[in-house]
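**Student:** Sequence:
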Amino acid sequence: MKKRILALLLSSAMVVTALSGCGGGTTSAESNENSTESADAESESVNSGTESESSTVTISADSEVYSADEVTTGGTLRIGTTQNPSVVGYTPEITSNSHIQFLRCAYESLLYYDEDGNLTGQLATDWETNADDCTISFTLMEGVQFSDGTDFNAEAVKWNIEQYQEAGRSEVSYIESIEVIGDYSVLIHLNSWNSSALECIGFFVYYMSPSAYEENGVDWMRVNSAGTGPFIVTDFEQGVSVSYEKNENYRVEGQPYLDGIEYTIYADVTTVENAMLANEIDVITYGGDVDMITHLADEEDILISRNENGLGAESVGLITSSADEDDPFYDARVRQAFCYAVDYDSIIEALSYGIYTVTDQWAVPGSVTYNTDMEGYSYDPEKAKELLAEAGYADGFETTIYTTNNGFYQNVVQAVSAQLAEVGITANVEIVDSATMNSQMTDGWNGITWHFASIGPDLGLYMARHLSEDGSYYAPGIQHPQDCLDLLSEVQSATDEDSKMALEWELMEKVYGEQALFGRTMYVSLIVHERYDYVKGGQFGLVHAATWSPATTWMDK
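Numbering (my numbering), first residue to last: 1 to 557.
Watch out, some of these pointers could steer you wrong.
As the list claims (entries may be wrong) - Below, computed lysine to aspartate or glutamate pairings styled on EDC-like, alpha-carbon distance capped at 20 Å:
no., residue 1, residue 2
1, Lys557, Asp533
2, Lys536, Asp69
3, Lys536, Asp114
4, Lys510, Asp483
5, Lys158, Glu142
6, Lys536, Asp259
7, Lys557, Glu70
8, Lys510, Asp373
Stated by the list, open to error - Quick list of the computed label-pair ranges, beta carbon to beta carbon:
no., residue 1, residue 2, range
9, Asp133, Asp533, 50 to 60 Å
10, Asp533, Asn405, 25 to 35 Å
11, His189, Asp116, 44 to 54 Å
12, Ser378, Ser177, 43 to 53 Å
Calculated from the structure, these hints are not laboratory results. Ideal Cβ placement from N, Cα and C applies to all residues, glycine included.
Please take these sequences and the hints and turn them into a complete structure.
**Tutor:** This is the structure:
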């Protein structure tokens, strides 16, 4: 180990911005994603190391943008990642936040974010929310075409949202109807007011060409693309690679700057790290492995960037299945025992060398939704044994704990499994590939698996995607207590921030305290992206931890 970077990246420096629907107000903005105005990159110098070794590591926000005459065009950007999508073109089926990086190559949304975490326009130029009427209206950008040459318009917006509804996406489940007002205006009617609706519809729906779908079908769409984004999928082999070429119909003149993008999917972090050091790739996305960070930080020509506004922050924990009445974890007392049985904080602090910020709830410590009054679960194996006995498992039981071949994850689950054994729970470790882990998110599992959650400060949006019965993530594997759903509904229908915040704290206590529904959250993930210093304008993780700007990326070499 060459270096140890101490706890710095996501703790006190993180700023979490609360987003909410602006009922009755009108907001308009232009997208800043393709701006050519200059900006200074923010950076943070960090001293790290043990007593016998110390060094300085600079972690920078990738915020530099360039005027067109500064840019060198052409070339193919080579990106390495361990993220493994099964679909790259049919957007309603792309549900993982870590796969937004692929979406943004070929597709765009109505709204995006600026560097401060505020919603701004992308394919929409204006929008208006009305809490009293339960409506949201969007005015669309004119003159935009999909990559197949067909027009992006209000009918296309209506069709795409309906595709998301048919796919069962929770982000659009509360939409009652979509009214086409004109060629470039839509009015969305909600079943009831939802304070998260603007962000759900604005950012999480990505727009495909209805004509391409009708001509080629859904199977073709899954492995190809037809969006308004800067690139087009040319080849996709799951678990191997995704290739893109520039979209000649892209709406911004002169962009994209690159000729193409080549993603290589790696099975493990060691292989992707070695590829980076051999200059076989230019960028690593989602490169948050603690050992890889410490190694790559030694390289003078490699830059490490992270998000600083809190959007896309992700918690990582272990979640127990609870949907099946025959599952021991169906009983809340067994889930509580699971939380008491293991010294999670000490395990994470030791195995991450203090890099990760520990948390035990759906929030970054210090953020507005972090419930400081929640008692949580301390390490108490005797209490765990008592709860197991009360639930009828005095002699324990056997279960499975799933993990990928990531070294850090394996080390964590081995430590967790050992401590569970001390209270009578035999948790057999089973290593699965990332595709299997992704399918557990959407289709369910039996036992214990990793739980990855976007912990943005709007629980009505982000927690709903897991807690709701039709949630996009983990919902099939857990039960959905009515008291939790009722509280979630109250959060979503709140019309002022104070009452919403109080309800969110109450929901946090119910889900993580009484129900222990999501098992045990352990830490805030370090979502960083590594790139060689000749890669410019990519804004990796700048406005949202999972995003970047393919259109404005270029290479100075």
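**Student:** Indicate, hint by hint, whether the structure satisfies it.
**Tutor:** Tested hints:
1. A hinted pair counts as satisfied when its Cα atoms are at most 20 Å apart, and Lys557 with Asp533 qualifies at roughly 10 Å.
2. Taking the CA atoms of Lys536 and Asp69, the gap is near 14 Å; set against the 20 Å cutoff, the hint holds.
3. For the proposed pair Lys536 and Asp114, the alpha carbon gap of about 18 Å is at most 20 Å, so the pair holds.
4. A threshold of 20 Å between alpha carbons decides the hint, and for Lys510 with Asp483 the separation of about 8 Å falls inside it, so the pair holds.
5. With a C-alpha separation of about 16 Å, the suggested pairing of Lys158 with Glu142 holds against the 20 Å cut-off.
6. Restraint check: the Cα-Cα separation between Lys536 and Asp259 comes to about 15 Å, which is no more than 20 Å; the hinted pair holds.
7. Simply put, Lys557 and Glu70 have alpha-carbon atoms about 13 Å apart, close enough for the 20 Å limit, and the pair holds.
8. Between the alpha carbons of Lys510 and Asp373 the distance comes to roughly 12 Å, so the proposed pair stays at or under 20 Å and holds.
9. Under the hint 50 to 60 Å, the C-beta atoms of Asp133 and Asp533, about 51 Å apart, fit the expected range.
10. Checked against the given bound of 25 to 35 Å, the beta carbons of Asp533 and Asn405, roughly 30 Å apart, stay inside it.
11. At about 31 Å, the CB distance of His189 to Asp116 disagrees with the hint of 44 to 54 Å.
12. Evaluation of the 43 to 53 Å hint for Ser378 and Ser177 yields a pass: the beta carbon distance comes to about 49 Å.
Violated hint: 11 only; the structure is consistent with all others.
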